[in-house]
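Asks: Listed below, chain by chain, are the residues.
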Amino acid sequence: MSSIGTGYDLSASQFSPDGRVFQVEYAMKAAEISGTAIGLRGKDGCILAVEKVITSKLHEPDSGRRIFTIENSIGMVICGLITDGRAIVNYALKEAQNYRREYGQTIPLKILNERLSSLFHAYTLYSAVRPYGICIILTTWTEQNGAEMYCIEPSGVSFGYYGCATGKAKQAAKTEIEKLKLNTLTARELLNEGAKIIYRVNEDSSDSDTKFKLELSWVGKDTNGIHQICPVNLYEEAKAAATAAMEQGDSDVE
Amino acid sequence: MMSNNGVNFAPFWHNGPAPGSFYNFPQNNIKSNSAIDEYGFQRNGGPITTGTSIVGVKYDKGVIIAGDKLVSYGNLARYHNVDRVFKINENIILGMSGDYADFQFIKQYIDEIILSDFSADDRIVLKPKDLYTWLTRVLYNRRSRFNPLWLDMVVGGMQGEEPFLGHINIRGRSYTNDVISTGYGTHLALPLLREYSEKGPLNEETAQQLIQKSMEVLFYRDCRGYPKYSQANINANGVTVSDHEVKQNWDLALSIKGY
Chain E
1 MSSIGTGYDL SASQFSPDGR VFQVEYAMKA AEISGTAIGL RGKDGCILAV
51 EKVITSKLHE PDSGRRIFTI ENSIGMVICG LITDGRAIVN YALKEAQNYR
101 REYGQTIPLK ILNERLSSLF HAYTLYSAVR PYGICIILTT WTEQNGAEMY
151 CIEPSGVSFG YYGCATGKAK QAAKTEIEKL KLNTLTAREL LNEGAKIIYR
201 VNEDSSDSDT KFKLELSWVG KDTNGIHQIC PVNLYEEAKA AATAAMEQGD
251 SDVE
Chain Z
1 MMSNNGVNFA PFWHNGPAPG SFYNFPQNNI KSNSAIDEYG FQRNGGPITT
51 GTSIVGVKYD KGVIIAGDKL VSYGNLARYH NVDRVFKINE NIILGMSGDY
101 ADFQFIKQYI DEIILSDFSA DDRIVLKPKD LYTWLTRVLY NRRSRFNPLW
151 LDMVVGGMQG EEPFLGHINI RGRSYTNDVI STGYGTHLAL PLLREYSEKG
201 PLNEETAQQL IQKSMEVLFY RDCRGYPKYS QANINANGVT VSDHEVKQNW
251 DLALSIKGY
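Residue numbers (the UniProt record's numbering), protein chains in the order written: chain E, 1 to 254; chain Z, 1 to 259.
Keep in mind the hints are simulated off the structure, nothing from the lab.
Warning: the hint list may mix true and false statements.
[As the list claims (entries may be wrong)] Under the rule of at most 30 Å between Cα atoms (straight-line distance), these lysine-lysine pairs were calculated in the BS3-like manner:
#, chain 1, residue 1, chain 2, residue 2
1, Z, Lys87, E, Lys221
2, E, Lys94, Z, Lys247
3, Z, Lys228, Z, Lys247
4, E, Lys94, Z, Lys213
From a predicted model like this one, the values you see are computed outputs, not experimental measurements.
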């Protein structure tokens with residue numbers, strides 16, 4: 001970014017001479033410095049896993065959550081500025097409510113994704129606003145369409161994914177996800193895989209001594225299409241599987 | 001007559017509405033909001049498709065609410081097998097009588113509250129008294145605008161450990177009681193229910209029998225009654241909504257003479 005500081009980064013509505021919008025790139029940076037979040041889409045559901053960094057010993061571990069539920073079937077994880085994320089969650093809830101009033105059913109994830117992407121994009125167009133400093137991953141499972149997952153970036157660009165990662169260790173997490181045979185795994189199995197990946201990428205990162213809490217949620221056939229924070233017993237199991245896998249990995253190295 | 005090419009232009013129907021005006025439902029002689037509005041429209045504010053009585057009984061450990069499965073159009077038995085008793089969430093059951101369309105309208109908002117309760121995921125959920133109070137405000141607000149929601153509702157549920165049973169009427173007036181009924185049930189079922197409830201707290205079994213008896217009486221005597229009814233039972237173990245039918249016995253019909 002050689003032209004940083006040349007005045008082309010002050011407004012979201014101005015290109016730099018080499019054709020970039022710096023405000024958008026800064027927003028992506030903001031999303032990328034937060035704790036890693038991943039989404040995995042299996043054959044009968046999706047899971048979300050987050051490395052929620054705890055910045056102070058004095059914080060309650062349950063506060064400042066990163067995974068949210070839209071109506072009752074859509075999961076959303078936010079990566080980046082938490083407060084921007086909460087604004088988006090509120091917007092998504094309103095959007096889902098409007099859709100329900102109009103059509104009497106839950107908003108299809110495809111539609112919600114389109115509407116949120118448009119919102120993200122709109123905030124890259126004007127000098128009076130700044131882009132959202134977050135990436136979000138959306139998941140759901142329906143009898144009709146099966147498991148679905150989308151990721152939206154601050155630029156407003158979005159894709160459907162089998163597995164995706166955002167945040168600090170996004171590259172490392174992507175490499176780990178690529179090793180999985182996602183379409184053969186159930187959501188139940190993915191919980192363990194998700195936990196493993198989060199623990200692994202945290203271990204490998206330079207600041208592995210910072211405290212974090214794993215947040216896990218799932219939606220799928222097993223939950224009747226209801227998105228929920230992973231129940232305590234499954235959470236503990238996933239965590240145990242993750243720590244066991246780490247020890248295994250350590251002994252392999254030796 | 002010949003000027004009409006021999007066709008007799010008698011009125012199309014008798015005792016019906018004049019062209020351009022509304023059909024007057026037999027039970028529906030109170031017309032709210034019937035004045036012409038600023039655009040020259042006239043609306044009927046009364047009930048059109050209606051459900052009849054709801055019966056609710058509180059027992060020592062829970063609540064039962066029952067209502068038949070008929071939705072009438074005036075005197076016509078228009079929609080059969082329609083549920084009028086609902087599970088709202090794990091804590092609340094609700095029975096409706098009155099205008100079914102008005103109920104569908106308000107049910108949408110109740111469902112939204114339940115959904116946003118779920119989204120918040122903060123372990124705070126709607127309790128029966130909350131819904132009861134909320135409905136009171138909504139119905140009172142509508143009556144104050146001279147456009148009431150034509151509803152008579154019974155809210156039941158578990159307020160923590162305690163069973164709760166309350167009634168809200170069309171004008172937003174409300175009260176809680178051990179036994180509650182709406183519509184014709186106030187005349188036909190309530191005396192029966194009070195006879196038992198006044199002797200002290202009921203247990204689940206007697207409450208169940210009372211409901212069964214009330215639905216039977218209501219079916220025989222209420223012209224808008226129906227033998228099939230659904231009932232919701234809530235207690236510490238959760239909510240069960242089940243379908244039942246009045247066991248009919250028309251042997252006495254043979255003894256009725258002179259009509």
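Asks: Compare the structure with each hint and give your call.
Replies: How the hints compare with the structure:
1. Proximity of Z:Lys87 to E:Lys221 is assessed by CA-CA distance (about 23 Å); at most 30 Å being required, the pair is judged to hold.
2. A threshold of 30 Å between alpha carbons decides the hint, and for E:Lys94 with Z:Lys247 the separation of about 48 Å lies outside it, so the pair is violated.
3. With a C-alpha separation of about 10 Å, the suggested pair Z:Lys228 and Z:Lys247 falls inside the 30 Å cut-off, and the hint holds.
4. The straight-line distance between the Cα atoms of E:Lys94 and Z:Lys213 is roughly 46 Å, outside the 30 Å bound, and the hint therefore fails.
In summary, the structure is inconsistent with hints 2, 4 from the numbered list given earlier, while agreeing with the others.
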